[in-house]
Structure formats: C-alpha cells, structure tokens
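Start from chain B and add chain R according to the hints.
Single-letter residue listing:
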Amino acid sequence: METLFFLIISFVAIVSAILVITCKNPINSALALIMTFFCLATYYVMLDAPFMAAVQVMVYAGAIMVLMVFTIMLLNIRVDSSKKHSHKLVFGSIIGFFTVLNSIIVIVKGRAALPTGPYSGEMIQKFGHTELIGREMFTNFLLPFEVTSILLLVAIVGAVILAKKKI
Amino acid sequence: MENLNSYLIMSAILFAIGTIGVLTRKNVIVIFMCVEMMLNAANLSFVAFSRHLGNMDGQIFVFFIMTVAAAEAAVGLALIIAFYNNKESIDVDDVSIMKW
Chain B
88 METLFFLIIS
98 FVAIVSAILV
108 ITCKNPINSA
118 LALIMTFFCL
128 ATYYVMLDAP
138 FMAAVQVMVY
148 AGAIMVLMVF
158 TIMLLNIRVD
168 SSKKHSHKLV
178 FGSIIGFFTV
188 LNSIIVIVKG
198 RAALPTGPYS
208 GEMIQKFGHT
218 ELIGREMFTN
228 FLLPFEVTSI
238 LLLVAIVGAV
248 ILAKKKI
Chain R
4 MENLNSYLIM
14 SAILFAIGTI
24 GVLTRKNVIV
34 IFMCVEMMLN
44 AANLSFVAFS
54 RHLGNMDGQI
64 FVFFIMTVAA
74 AEAAVGLALI
84 IAFYNNKESI
94 DVDDVSIMKW
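Chains as they are written, first to last, in our numbering: chain B, 88 to 254; chain R, 4 to 103.
Hints are computed from structural coordinates only; laboratory data are not their basis. Careful, some of the hints might be misleading.
Quick list of in silico lysine-lysine cross-link-like pairs, DSSO-like style, CA-CA up to 27 Å [to be verified]:
1. B:K251 / R:K90
2. B:K175 / B:K111
3. B:K213 / R:K29
4. R:K90 / R:K29
5. R:K102 / R:K29
6. R:K102 / B:K175
7. B:K175 / R:K29
8. R:K90 / R:K102
If you only want the chain R side, here are some residues facing chain B, beta carbon under 7 Å, derived [unchecked claim]:
9. L7
10. N8
11. A15
12. T22
13. G24
14. L26
15. T27
16. M41
17. A74
For every residue, glycine included, the Cβ atom is placed at its ideal position computed from N, Cα and C.
If we strip away everything but chain B, and leave its shape as in the complex, we get:
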C-alpha cells in the first residue's frame, strides 16, 4: 500500500517537474512547481519528518512561490511567439540524461552506511519530531543558526538596494 502511494506521488512529482520546464507561460511553470513542492512535502511526511513538511509548505509553496508569482505578474511579460523559447535542447537533455544515469548507477551499486545515530522511529514517535529538531538546533547547531540571521540581514539589505530606481 505504501509502495503504491509512493509510486503515485512520484508520478505526480515527475509530471509536474516536467511541466515546469516545458510550459511556455511562466505562471503555469510556477503552479507546476508548487505541485512539485507539495509532493516533496508528502515525501517528508512519509520519512517521519512532519516538521520539515510543514516548513516546506509554508516557506517554499507559501513564501518563495508567492514572491515569484508576484514578480511574474509585476513584470507583465508579453508573450512573443516569434522568438524561440528554448535553446540547446539536445545538449541539455543529454547532460540531464547522463546526470540521472550516473546517479542511478551509483545509488544501485553503492551501499549506504548502517544506522548509527540515536534517532530511531520509536524515539521520533515518543518525543515528536519538532522537539528533536529544536533540541538539536539550539544545542549543537547554535552558531550556524545565529550566522543564518546575518545572512538574512544581508539579503534584506541587498534586496532593498537592488529595488531602488537607479543602480
């Protein structure tokens, strides 16, 4: 049953990912990308990571995609059919094909390490995923967490300066 569910979600994810790169109108691409993000959130739920799924839906499907759709509508690009929409299709497809072929060979031939960490499925069930994430983030990863705030500050300043009339 879970395998069937996984296959259905994979099918939807791949079809919407292909729609992202084939649609002529950027709005349709954005909507297909939102579908892909929801499929990834479903994967996170299946991997016992519900907090990551919630963050995925809120940050990616919510914030980032709203920003993109705003930009697309703000620019109001006229669709001109005279120019070609894509270039080097064969070259790009060959590169993508070899990427996926190489990855699949490595994945099938290789062998992952055995579980070593303390967080088993029972522990996630007992404490809850959010609590375990928070415990880890505010103890071992406190410095990167604080550095992230500086990164966000730089991004805010950069976005404000780039949005000025004359640069």
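Using the frame of chain B, we list chain R on its own:
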C-alpha cells in the same frame, strides 16, 4: 518507510529535470525556478539519509538550505526586476554585456 534507494532515485530524477531546465530555457524566472527545484532535490536526499542513519544533522541542514533559498529568492528576484527595468526583457540571451 520505503527503502532509501527509491527516495534517492527520485531525488536524482528531480535534480536532472532541474538541470535540463536550467540548460535549455531562456526565461530567467523559469531558470530560477529550476534552480529551486534542484535545491529541493538535494533536500529530499538529505532528509532520506537523515531518516536512514537515525541522525538529525541532515534535517538541520535542510533548514539552512531553505533559509539560503529564501534569501536567494529575495535577492535574485530583485536582480531580475532591475534587469527588466534596464533592458525591457527577461531573456538570458540579452544579458551579454560582459561577454567579450
């Protein structure tokens, strides 16, 4: 939970589709969306490995990747708007001033 390999193969397929999109499309916004898709494919394998190894570090990394992606979206879209104001176009072929 499915086995690890199926998630990794799924992640590889999404990454490859994103690569094809970046290499073939001309619209800057679509290229940008494909980059987001590649970041998401990496996130999926991070979470799958994290669950497989019983180690939370991978999911913390996913958190940081999401932060970087949000910052990238803000700055990148501001750049696209600035580019559009100068050139009246969002075609990557028009960004060739620095080519010699």
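Go through the numbered hints given earlier and state which of them the structure violates, listing their numbers in rising order. Violated: hints 3 and 16.
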